[in-house]
Amino acid sequence: MKRNSFHSVALATVAVCALFSHSAIAEELSIMASGGAWQDAQRKAWFEPFSKETGIKIVEQEYLGDLGKVKAMVDTGNVPIDLVTVETATVLQGCDAGILEPLDYSKIADQSKFIEGSALKCGVGLDAYGDILAYDPNVLKEAPTSVLDIFDTTKFPGKRAMRRFPAQNLEWALMADGVPADQVYEVLGTPEGVDRAFKKLDTIKSDIVWWDAGAQPAQLLASKEVVMTTAWNGRIQNAIDTDSKPFKIVWDGQILEYDMISIPKGAKNPELAYKYLAYISKPENNAKLASHITYGPVRTDATEFVAADALPKLPNAPEHMNSYLVADTEFWGDYGEDLVKRFNAWLAQ
Amino acid sequence: MDQGQFITAPNAADTRSVAAAIRRSQARERLRSFALAMPLLTLLLLSFGIPIAILLSRAVYDPTIANALPLTGAAMQSWSGNGIPEDKTLEALAADLKASQQNGNLSEFAKGLNARLPGARSHILKTARALDKEGVADTVSVIKSMPFWTSPGTWATIVRGRHALTSFYLLSAVDLRWNADGSIERVPPEQAIFLRVFARTFLMAATVTLATLVLGFPLAYLISSVPKTLGAILIVAVLLPFWTSILVRTAAWTVLLQKFGLVNDVLLWLGVTGTRLDLMYSRLGLVIAMTHIQLPFTLLPIYSVMRTIQPSQMRAAYSLGGRPLTSFLRVYLPQVVPGIMAGCLLTFILCLGYYITPALIGGAGDQLISNFIANYVNVELNWEMAAALSFILLVFTMGLYAVFARMLGLDRLKPV
Numbered sequence: 001m002k003r004n005s006f007h008s009v010a011l012a013t014v015a016v017c018a019l020f021s022h023s024a025i026a027e028e029l030s031i032m033a034s035g036g037a038w039q040d041a042q043r044k045a046w047f048e049p050f051s052k053e054t055g056i057k058i059v060e061q062e063y064l065g066d067l068g069k070v071k072a073m074v075d076t077g078n079v080p081i082d083l084v085t086v087e088t089a090t091v092l093q094g095c096d097a098g099i100l101e102p103l104d105y106s107k108i109a110d111q112s113k114f115i116e117g118s119a120l121k122c123g124v125g126l127d128a129y130g131d132i133l134a135y136d137p138n139v140l141k142e143a144p145t146s147v148l149d150i151f152d153t154t155k156f157p158g159k160r161a162m163r164r165f166p167a168q169n170l171e172w173a174l175m176a177d178g179v180p181a182d183q184v185y186e187v188l189g190t191p192e193g194v195d196r197a198f199k200k201l202d203t204i205k206s207d208i209v210w211w212d213a214g215a216q217p218a219q220l221l222a223s224k225e226v227v228m229t230t231a232w233n234g235r236i237q238n239a240i241d242t243d244s245k246p247f248k249i250v251w252d253g254q255i256l257e258y259d260m261i262s263i264p265k266g267a268k269n270p271e272l273a274y275k276y277l278a279y280i281s282k283p284e285n286n287a288k289l290a291s292h293i294t295y296g297p298v299r300t301d302a303t304e305f306v307a308a309d310a311l312p313k314l315p316n317a318p319e320h321m322n323s324y325l326v327a328d329t330e331f332w333g334d335y336g337e338d339l340v341k342r343f344n345a346w347l348a349q
Numbered sequence: 350m351d352q353g354q355f356i357t358a359p360n361a362a363d364t365r366s367v368a369a370a371i372r373r374s375q376a377r378e379r380l381r382s383f384a385l386a387m388p389l390l391t392l393l394l395l396s397f398g399i400p401i402a403i404l405l406s407r408a409v410y411d412p413t414i415a416n417a418l419p420l421t422g423a424a425m426q427s428w429s430g431n432g433i434p435e436d437k438t439l440e441a442l443a444a445d446l447k448a449s450q451q452n453g454n455l456s457e458f459a460k461g462l463n464a465r466l467p468g469a470r471s472h473i474l475k476t477a478r479a480l481d482k483e484g485v486a487d488t489v490s491v492i493k494s495m496p497f498w499t500s501p502g503t504w505a506t507i508v509r510g511r512h513a514l515t516s517f518y519l520l521s522a523v524d525l526r527w528n529a530d531g532s533i534e535r536v537p538p539e540q541a542i543f544l545r546v547f548a549r550t551f552l553m554a555a556t557v558t559l560a561t562l563v564l565g566f567p568l569a570y571l572i573s574s575v576p577k578t579l580g581a582i583l584i585v586a587v588l589l590p591f592w593t594s595i596l597v598r599t600a601a602w603t604v605l606l607q608k609f610g611l612v613n614d615v616l617l618w619l620g621v622t623g624t625r626l627d628l629m630y631s632r633l634g635l636v637i638a639m640t641h642i643q644l645p646f647t648l649l650p651i652y653s654v655m656r657t658i659q660p661s662q663m664r665a666a667y668s669l670g671g672r673p674l675t676s677f678l679r680v681y682l683p684q685v686v687p688g689i690m691a692g693c694l695l696t697f698i699l700c701l702g703y704y705i706t707p708a709l710i711g712g713a714g715d716q717l718i719s720n721f722i723a724n725y726v727n728v729e730l731n732w733e734m735a736a737a738l739s740f741i742l743l744v745f746t747m748g749l750y751a752v753f754a755r756m757l758g759l760d761r762l763k764p765v
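In order, the protein sequence lines correspond to chains A and B. The first sequence finishes on residue 349 if you use my numbering, and the numbering steps up by one all the way, no holes. The second sequence finishes on residue 765 if you use my numbering, and the numbering steps up by one all the way, no holes.
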């Protein structure tokens, strides 16, 4: 009997607590990001300080970056998230499909203060990252000097890993075939250019291992499955810094891109979402992420706030900008669907 | 004649009415068991039948283009269908494009048309931008100035796309398409993809089924013929990996099969190969992993049949002068066939839906149809195409099942 009365007291306490906590509930903002080292960095740089400053609790979720999940939420009218991190090409796709909300920049920040292409209609930039080449100097005796060396199978024999996606690979293929960086998208916009890019990829097709998730390149290098791999610079740097891997990054020929954050259509707390977007878009806050993962700020006036020891590792550090290409998101918005289809058919052949 | 009459007149010689009465009483029995199964059937219908039907209906129902072009559609009624429509249709098109842009449907329309006519998307967005400029009065000449709108192929696509009921996605799923003059043709080779993937999926399923049978049959025979305790231990050994999730087992195979993994180490140490083999991201690695995962599904039905066969039957066959092989083929094997069929059918059909193992262990050329369906659902957001591929897979699977059932007699599966 004593046990029973204890139970009922406990139950009553819980019920009362629940009542009180519900009436005094903190405001909650739900953010879905693509996990891994990158989400950890966002937590340290932005989620926790933001909660401290505003008292708004941040609820985190993870996903693979596939818009299908967001589409399912929007289509069924049950949108439990307020913000979602996405890639630039995906922002355009989601914007066109009406899954992502067009943003009101008067509530965020001055749009002209962002690096060109990092403040879009449906997504605001979080950071700039580089698509780079990584290798293990213990395996490759001779060091590659450019990302384009991935096409040189005589000098660097062995398997190499590339992302299972046409973007970047087609650009690199054209550049390796002799197209100057400033003409890449012009050439890729023609059927002959597309044929030319796939023809170049054909030359190394049998040596390619394809990766999907951002964490895979470091694993493929670590298990010596491949001798070199394309990757997002922060993931490789993370493996070097925290897992003490001996990897090296080749910056020449890198492609610069932006990570973005968007509000899904039908989000329950758009005002809180805007508050968060305004917070992270302040130059001093935008620069903070670089201390936790080596991705650079997207605001032109944020560089001065980047911690001195983080700066040299960023993709847009001056010494990494000898030869690079800025990804043309509009090109991929227009041609992405057709090229993905062609790429998948090419893979399956 | 009703039941009451039957009871009061038991001596009636009308055997046909007796048969009818038996049927009636059995019907009541059947109705009762049906009523008992009703909750399950309802659940199946609600959670399985209806969602699948709704999803599959997406493969043939796509009103995007019809919704985006109401005025154009009306203006096109009087058009002969040859060449380019008259000016009033073009004017209506301009109005439709403007309206779509204002209510935010333009890009969905562009995407819908782009799926049918590659490259259409950028032309549509460009046209809308041009029409949106201030002071454009002559919308018809704006549209006429764009080669895209004066090409007959564009209009043929729009005419077909205006029907909400469309065969486009189903045709695409088998590498076919409508051409400009209204007949069905094969898509160009650089776009052809799905027939190859379907063939690969069925080939993979057949290979894995055969491999599990070759490995599973002797093992099942061994387990059923050893003493009970040893048999129980062996069964646990077979089932143990069955209790771990498929993802864990797949991940374990990536550790074993990788270039500097255990399998390569052992092969090198034994001197079987001189260089390290590429087992990961290859067809061979995929067959190995899938065979391991599917082995219990093939083995258990075979084992359950073998257990019921008395050893005395084989002894009787020997005593009647049968050689071991003849006795096995004439006495033992025919009794095991239902188990073999049940096991193989289970494995084959499960293999058709494999997704996670090909994604992790297979190379780019080893992806099965489920990987493509997942890609259309998750990445490309083209659920119509995903539905069409699912539909074709379902049809192929059911067709194969029917052939299988007819050839080997499905009723033989019953004893299991």
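Hints may contain errors.
Unchecked claim - Selected chain A positions facing chain B (Cβ under 10 Å, derived; list incomplete):
hint, residue
1, R43
2, F50
3, E53
4, T54
5, L64
6, L67
7, I99
8, R164
9, G189
10, G193
11, R196
12, S223
13, K341
To be verified - Straight line, CA to CA, 16 Å or less: simulated EDC-like cross-link-like pairs of lysine to aspartate or glutamate:
hint, chain 1, residue 1, chain 2, residue 2
14, A, K199, A, D177
15, B, K608, A, D207
16, A, K341, B, D524
17, A, K268, A, E101
Claimed, not checked - Every beta carbon over 10 Å from chain A, so not counted as near; a handful from chain B, in silico:
hint, residue
18, A464
19, G714
20, G748
The hints are simulated quantities; they were obtained by calculation from the structure and are not laboratory data. Yeah, the Cβ is synthetic: ideal placement off N, Cα and C, and Gly gets one too.
Contradicted hints - numbers only: 1, 2, 3, 4, 10, 11, 18 and 19
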